[in-house]
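Visitor: Sequence:
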Amino acid sequence: MACDNCRAQKAKCNGKRPICSRCEGYGHSCMWSGGRKTRAQASSVSSPGDGPKSGNGESLPPEKDPLAWRMAVRSYDRLIESICPGLSESAQVAVESTLSYIRRRLPHDLADVEDLSDELVFPQLPENSPPSASKGKGRAENQKRYFGEASDVRFFHAVKQVLQDDGTLGPLEAVSEDDVQSYDPEVVQVEVLDGSGRHIGFPSEELADSYIKIYFSTIHIAYPFICKPEFMERYGRYWRGDLDDGHNPAWLSVLYTIFAIGTYYHSFPRSDDDAGHAHLRYFRQALALSGSVLSNCTLDNVQMLLAHCFFLLATGQTDRCWNSLGLAIRVAQSIGLHVEDVPKSTTSRSSLAEQETIRRTWYSMFVLDRLLALQLGRPIAIRKEDYCVNLPSPVEGAFHHDSLSQPFDDDPTHLDYFRAVINFSHILGRVISALYRPSQLPDDSDGMLLSTVSLDRDLTAWRQGLPRHLRFDLGHTFDRSIIFRRQRNMLSIKFHHLRTLMHRPYLCLIWLQAKNQNLMALLERDYDKVQSLEKICVHEAQQTAHLLHHVADERSLVHDFPWWQMISCLLCASSVLLVARACIDPNDLDSQMQSQALDEDAETCMKVFDALSVNSDAARRARDMMKGLKRTRILSRRTFVSTPTASAISDDISRPTLPFMGNPNPSGFPTTMNYTLGQDDWQTWPGELCDPVAWSAQFIHPNQHLSFDARQVTGSAMTPYPQIDGNM
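According to numbering that gives the first Met the number 0, the sequence shown is numbered sequentially starting from 0.
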């Protein structure tokens, strides 16, 4: 038998008493034939706005029960009181004005509820505070946060400390939150809903469809942990109201999170009203539905936490994303997602579709774990030896079929990107363990140098082994696939960012590491090798900036690039560029072209930060950080000749100071300065032509050759310009 509410809406009801699953999921009042409620129903599901009821379920007029009506109005006032702190100052004024208008028209018996107006508190929020976000410190006072050596924030503060030359900033991992400037904004207080269990209103079906389309065309093409066919089928049934199994809170939480992500992406390029912050309201509802995550370890809950991670990452809540991902990994391990039933077998007690979902979910956590570990400079949570899961199938329709047929070798699929990023993440993990582990690697400077060369060779080989449709360094004329274009952009950002970080330990050693005797000894022994690695670091930072030359607007950047990683990559690149620029002797005429190129590329990053700062608090903070660093000048009051270790590196009296990357030479930055040969710049040619020309150019300009010796040519040669599609 169906309850009265489901019968009235012609929806399926499972007949569960006292509250059916559908009414429980929606937060409706569940009533049965005769209009009678159980005592449990009356106490648990009646909402504050239902008003006093008579015996037959009809509302009593105010004159019959004024006390009950006063309590109902008071409940609404308390609800509004809890919502108001999350509104902007202008919205609070509008709400207060509307409430005053309503109270003036209340019946005389209810007039005393106007006294509640004195209890409503409307705190003054900053003018730039999001309308729907209640902001606070979000962290305990004097709480410490750890940023490891790989973190772009740590590098920023290391550079800032040297520039200021005041010695007031202690070890970065030991300073308090108030002392560390970061683009990670203060935690947005997203409170869950109250016990009434009511859901906030869904967007219109048209808007909901557009939000889902945004998600599956951006995040899903990089992290396909959601089975799209199954999700879309269930989504359609949800709109029709014919879900047989009630409403899975974890699935609903994923749906609201997708709405939140889609709304946030949709808010770019500009957001002129409160609707631009609706993503926080949707995410608040998603959190309200996630209460079972600690008590029920299921695949649905793992996917729910993963979806939360991408919303938090997109909105700059990096620490909360780190914590949510850690919980997701533990939940996944508790149900055995890290071990397949029969390794390297296509038969299992689990259905093939479920097995494919598990693989994609596990490797999505694997990739995201390494991305966050690199961004924050923290240890990885998933080590290679601690899991045994086959790679996801390269077949796009693996979810649909009972058997996984292999595609033709020349048939590109969207899953090729995911498999390529998994291999990339293995190299990334080795970079963290070999170059950025906490054991103070500079003590073994020779080992660090060898590891850098080996890892660089592997990373270059990874790029060369990409499928043709994902080769971001080659031309793609007449390729109209938006998804492949976005995937190439994602891979190019990842490649240049990681290569920058691999060589960043050698950037301006005599300046940034003047007190490290081991690195100074390395610089004295292998000056040319260190110099070439230093050049590669700056070159890759410039390449990151060059990727943005053809971006038309903020929307193109958000949709066509890995938005969840862009702020960290750009902060790293701009920091390297500003450091390189600061190390150049301004009195050296031969370095003027080099300085101009560095300034222009750094300015490109600043423009992107400035454009995104309208909607992104993380971008605004990153912009302010870089503006402060850019204003700092050092060469006017500090020279390298005053450094004791600098004079010990070279006895060449013709080099009284040690300019950036050694003696200036006509080549400067050979591949980043657009060195002109006649009217045509061969470095802007397609990669198919550029590579052989680059090889032969070493015989014309020997100083441009960056390899250490004949056995290390492939591992350390500079890469040509990537060919980025112009229609973004």
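Incorrect hints may have been included.
[Unchecked claim] With a Cα cut of at most 20 Å, we get these calculated PhoX-like pairs of lysine-lysine:
| no. | residue 1 | residue 2 |
| --- | --- | --- |
| 1 | 606 | 629 |
| 2 | 606 | 626 |
| 3 | 212 | 227 |
Hints in this document: simulated from the structure, not taken from any laboratory. These numbers were taken from a predicted model, which means no experiment stands behind them.
Visitor: Has the given pair, residue 212 with residue 227, been kept, meaning a C-alpha gap of at most 20 Å?
Guide: It holds: about 11 Å lies between the C-alpha atoms, which stays within 20 Å.
Visitor: With a cut-off of 20 Å on the C-alpha distance, tell me whether residue 606 and residue 629 pass.
Guide: Cα-Cα ~13 Å, so holds.
Visitor: Within 20 Å, alpha carbon to alpha carbon, are residue 606 and residue 626?
Guide: holds, 11 Å
Comparing the model with each numbered hint stated earlier shows that all of them hold.
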